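Go ahead and model the full structure; you've got the sequences and the hints to work with.
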Amino acid sequence: MNKNESLELAHWAVKVAQRNGADQVAVDISKSRDISVSFHERKPETLTESTRNGLSLRIFAANRYSSHSTCNFKKDALEKFIAEAVAMTRYLGEDKFRTLPDPKYYQGIKDVDLKINDPDYEKVTSQKRVELAGRLEELTLSLSDQIVSCSTEYGDNKTFQIKLNSNGFEGYHEETDFYYYTSTTFIDEKGGRPSDYDYSEAKYIKDLAPLEQLAQNAIERTRRRIGQVKMASGRYDMIVENRAASRILSPLVSAIQGRALQQKNSFLIDKLGQKIASDKLTLIDDPFIPGGMASSLYDDEGMATGRRVIIDKGVLQTYYIDTYYANKMGVVPTGGSRTNVIVEPGKKSLEELVAQCKKGILVTSFVGGNVNDTTGDFSTGIIGMYVENGKIIKPVNEMNITGNHTEIWNRLVELGNDVYTISAWRRPSLYFEGIEFSGL
Amino acid sequence: MNEISRRKFIKFGAGGLALLSIPYIFKANPLLAMTGVDSQDAGLHDYLQHFEIDERLIRDLISAALEKGGDYCDLFFEHTLSSSVGLEDDIVNRASTGVALGVGIRVLEGDQTGYSFTEDMSREAMILAAKTASNIAHDVREVGPVEYKAYNRPSFYRIETPAENVGIDQKVELLKTVNSKVRGLDSRIIKSQVFMSSSATYMLVATSEGRIAYDYQPMLYIYSGCTAEINGRKEQNKFDLAGRYGMEFLDDNKIDRLASESVKSTIALFEAGKPPAGEMELILAAGSSGILLHEAIGHGMEADCNRKNESIFSDKIGKPVAEKFVTIVDNGTNPNLRGTINVDDEANDTQETYLVRNGILESYLHDRISSQYYGVKPTGSGRRQSFRFAPIPRMRNTYMLNGPHSKEEIVKSVKKGVIAETFTNGEVRIGPGDFTFYVKSGYLIEDGKITMPIKDFNIIGNGPDVLKKITMVADDLEMAEGGWNCGKGGQSVPVSMGQPTVKVSSITVGGVNS
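Chains R and C supply the protein sequences, listed in that same order. Counting from 10, one number per residue, gives the positions in the first sequence under the numbering used here. Counting from 502, one number per residue, gives the positions in the second sequence under the numbering used here.
Treat the hints with care, since some could be wrong.
[Claimed, not checked] Calculated cross-link-like contacts (lysine to any residue; reagent style SDA-like; alpha-carbon spacing at most 20 Å): (1) C:LYS989 <-> R:ILE44; (2) C:LYS820 <-> R:MET302; (3) C:LYS632 <-> R:ILE44; (4) R:LYS368 <-> C:VAL1013; (5) C:LYS809 <-> R:PRO53; (6) C:LYS989 <-> R:HIS49; (7) C:LYS775 <-> C:ASN926; (8) R:LYS239 <-> C:PRO777; (9) C:LYS775 <-> R:GLY443; (10) R:LYS52 <-> C:GLY611; (11) C:LYS809 <-> R:ARG144; (12) R:LYS273 <-> C:LYS755; (13) C:LYS632 <-> R:THR60; (14) R:LYS199 <-> R:ARG233; (15) R:LYS83 <-> C:ASP621; (16) C:LYS989 <-> R:TYR206; (17) R:LYS40 <-> R:MET302; (18) R:LYS83 <-> C:GLN550; (19) R:LYS199 <-> C:ILE660; (20) C:LYS755 <-> C:LYS820; (21) C:LYS917 <-> C:SER907; (22) C:LYS692 <-> C:GLN550; (23) C:LYS941 <-> C:THR952; (24) R:LYS403 <-> R:ILE196; (25) R:LYS280 <-> C:ARG734; (26) R:LYS368 <-> C:SER1015.
[Stated by the list, open to error] Over 12 Å on every C-beta distance to chain C, these chain R residues come out as not near it, computed from the model: (27) THR55; (28) ASP111; (29) LYS215; (30) ALA218; (31) PHE297; (32) THR384; (33) ILE401.
Treat the hints as calculated values from the structure; they're not laboratory data. Here the structure is a predicted model, which is why all the values come from computation and not from measurement. By construction, the Cβ of each residue, glycine as well, lies at the ideal position given by its N, Cα and C atoms.
Written out as structure tokens, the structure is:
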């Protein structure tokens, strides 16, 4: 189905819903093509290729709301599906806060090319895909004879999406995505099998990191895990490597979502304008980064996006509030969708951060763990490297960190200049002082 | 048709307007739905009709899939209907429905996989998907005709009233009942959410070896969560129930428990403190503490990672890994549990598989690829999230059998340690064996006595190491009741787990340093 056919189908779906009694309707139609190749033992392990279709509807009828999705686009089936969807909505409870966005928020959509739709996508052949995954494995294997297992994968995606709101929004966008990774497993003297990987992802295929770099990183990261030990419990400085840092950042952003706030399930209720972190922390939501992993001109509801400061030098500046929760909370909607979250970097490299650490742990990966969203308490497993007097001494594992999000961010004393860009969370390495570690 | 279930169904549906949620959407499909047939009693013919396919089309698709060679091919037809209803701020103010319909086609050449799916059920689209999947193979060979034999499946989750046969008006009332009970139990509850979801999957697998299996797989999930405020402090907690159940599962007792357990568990958090940091003794309370087994050994026993030498258990089959009283199984046959399957997603028999028997590591969990690689029978562990994914070895219901000790003995034996009672999530690194799970609530034990409730702490250990440190196992096995999902390789499948009360002699608890 092409763009015009999809648009026609979306308009038709809106009409069917309205004819059945819906007051407002939002329709998304998407088509997504995924192709991937994985390699193991120098041959393709899996080749997958498919196209996925989706039609989703949000129905607002007599102040009632429901949402629906199907992949069956046959018109007679869809017509009944939509009629039923509207009919069932009428049996729900009345909730006057359920509406589409005020159309004024559809205005002012920026007219820029986000560089997220690779013009070269069609030129990527099956042969090229197999070659990339195969070469990545070959390169990785050629760099070390300690590898007991190596797997690589290449994949790409092309998606287009139509978004139509019955009160005056029509959006269309296309985007592409490319990734590959290599992962290696070694054996250590105790029979443990340390493993690690390196990964690259980009909106344009030409922006993927070089294969050699991935192979080297994966091997180096795996090699340095050999001989890992558990350290004594106590307070240590903690440097969170950029790649691992999204896991500790994301609870901050979850806590400022409209639903969490309105449902009293957030440790950042009533904290707008207050200092919630050290003045080293500035967080910006920027939807317009060219090639950004979460760049977009309008949000999930069709509202125009804009750059906004979330935390400015430790002070909370805004919440993420969608139309429904804004109506419920009696505030202006700010848009409930997170785009690219930028953590403003510092000036030092990761090596320099390590060099200034007297006694600490460089966390290279978080394992499991969770957060109490209401109180901010958290406890999480870590894997990393022990640092003493500015030098990496040995690999550590089987340890936990414990703390509270209302407290730990005040311990952030320094940020690296090494921004991790292949994620919607664009973050550098983070240096915290005096974190509770549990080990021996 | 099953007369009893029909009668019950009418009785259940007579109270309200009923039948306004899923059944109509079901029939809205151009597929000939199994009208007039109780889906649980439907036979092969009904399933073929449901997907508008016949044996000839199956043969044609398999021929197209194997036209470039390959040892084996399977077709996985799936139709899943899902729905949910949610209550927040005392109003049932959200509901959803979803339809997934498609066929996944897989070609195997040795341990290599070609995979494609289509949501377009036309012959042309399916043939194209088969040809796409065939690209993995390169040695043309003749595929002989096979005899198709329908597989006579067992029935581990026979239900009375499928959720999709119950109207949304009744589900709305059910949610309101739970909510008003929550509200009635404690005035300090400031927010309450109730949510219910259900799905019904119709699947049919046909293989190039002539096997056809089909199944109807129901799933029911219900959740009650609340936030309380006491002296300016807030806490939130929840209770949920899930399994392959019909609506009859939600009797008065379950409704009462949903409300009372969610309120009780929330209020309890106000009294709870933090455990100390470091290594100490650990008691796992009977039930969902089976998460320990899921993470510490279950994932490492999935044969795909062993075949690839990635697991810490890769060289341990037949070796002692735990005390003699430790026996751990992964079972697909427990009545109505979340991980129970009548047949796996590769048309293999499901079974009870012993991962560890009397302390000895016995069997991996196999799918077709790994069972061929190791030259053993499949264990019925080939599962997939949906037709959009190729099957891989997965756990079903993982639990430890009863041991020789009692709960009282175990508690008494602890000098300084914690009891872990409720859990939210876990994770494992299968190579090094590091695993963790997050404990939502538990207790501190000092000198054999419970001294303080504790909350929100992570536990981290090493799989083989912790198995060796299981020093006591009680005789009170319980299975988890909640809605556990397991994620691996981008695929999520429902699972369950269980355990008797168990003592681990030492493990690292994420707590506060004195």
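Taking the hints in turn, this is what the structure says about them:
1. C:LYS989 <-> R:ILE44: Roughly 19 Å between the alpha carbons, so the hint for LYS989 of chain C and ILE44 of chain R holds.
2. C:LYS820 <-> R:MET302: The given pair, whose Cα atoms are some 47 Å apart, is violated under the 20 Å limit.
3. C:LYS632 <-> R:ILE44: holds (15 Å)
4. R:LYS368 <-> C:VAL1013: holds (19 Å)
5. C:LYS809 <-> R:PRO53: Given pair LYS809 of chain C, PRO53 of chain R holds - Cα atoms ~14 Å apart, limit 20 Å.
6. C:LYS989 <-> R:HIS49: Measuring from Cα to Cα gives roughly 18 Å; hence the hint holds.
7. C:LYS775 <-> C:ASN926: holds (18 Å)
8. R:LYS239 <-> C:PRO777: It holds: about 17 Å lies between the C-alpha atoms, which stays within 20 Å.
9. C:LYS775 <-> R:GLY443: With a Cα-Cα distance of about 18 Å, the restraint between LYS775 of chain C and GLY443 of chain R holds, given a limit of 20 Å.
10. R:LYS52 <-> C:GLY611: This hinted pair holds, its Cα atoms lying about 11 Å apart.
11. C:LYS809 <-> R:ARG144: holds (19 Å)
12. R:LYS273 <-> C:LYS755: violated (26 Å)
13. C:LYS632 <-> R:THR60: holds (14 Å)
14. R:LYS199 <-> R:ARG233: holds (15 Å)
15. R:LYS83 <-> C:ASP621: holds (9 Å)
16. C:LYS989 <-> R:TYR206: Distance of about 16 Å is within 20 Å: holds.
17. R:LYS40 <-> R:MET302: holds (19 Å)
18. R:LYS83 <-> C:GLN550: holds (18 Å)
19. R:LYS199 <-> C:ILE660: violated (50 Å)
20. C:LYS755 <-> C:LYS820: Outside the cut-off at roughly 43 Å; violated.
21. C:LYS917 <-> C:SER907: Since the Cα atoms of LYS917 of chain C and SER907 of chain C sit roughly 19 Å apart, the hinted pair holds (cutoff 20 Å).
22. C:LYS692 <-> C:GLN550: violated (47 Å)
23. C:LYS941 <-> C:THR952: Holds, at about 17 Å.
24. R:LYS403 <-> R:ILE196: Roughly 17 Å separates the two Cα atoms, so the pair holds.
25. R:LYS280 <-> C:ARG734: Between LYS280 of chain R and ARG734 of chain C the Cα gap is close to 15 Å, so the pair holds against 20 Å.
26. R:LYS368 <-> C:SER1015: holds (19 Å)
27. THR55: For THR55 of chain R, whose nearest Cβ neighbour in chain C is about 4 Å away, the distance does not exceed 12 Å, so it is violated.
28. ASP111: Given a closest Cβ separation of 20 Å, the condition holds.
29. LYS215: At roughly 26 Å from the nearest Cβ of chain C, LYS215 of chain R sits farther out than 12 Å, so the non-interface label holds.
30. ALA218: holds (21 Å)
31. PHE297: The claim holds: PHE297 of chain R sits with its nearest Cβ about 29 Å from chain C, beyond 12 Å.
32. THR384: Non-interface label fails for THR384 of chain R: nearest chain C Cβ at 7 Å, not farther than 12 Å.
33. ILE401: holds (18 Å)
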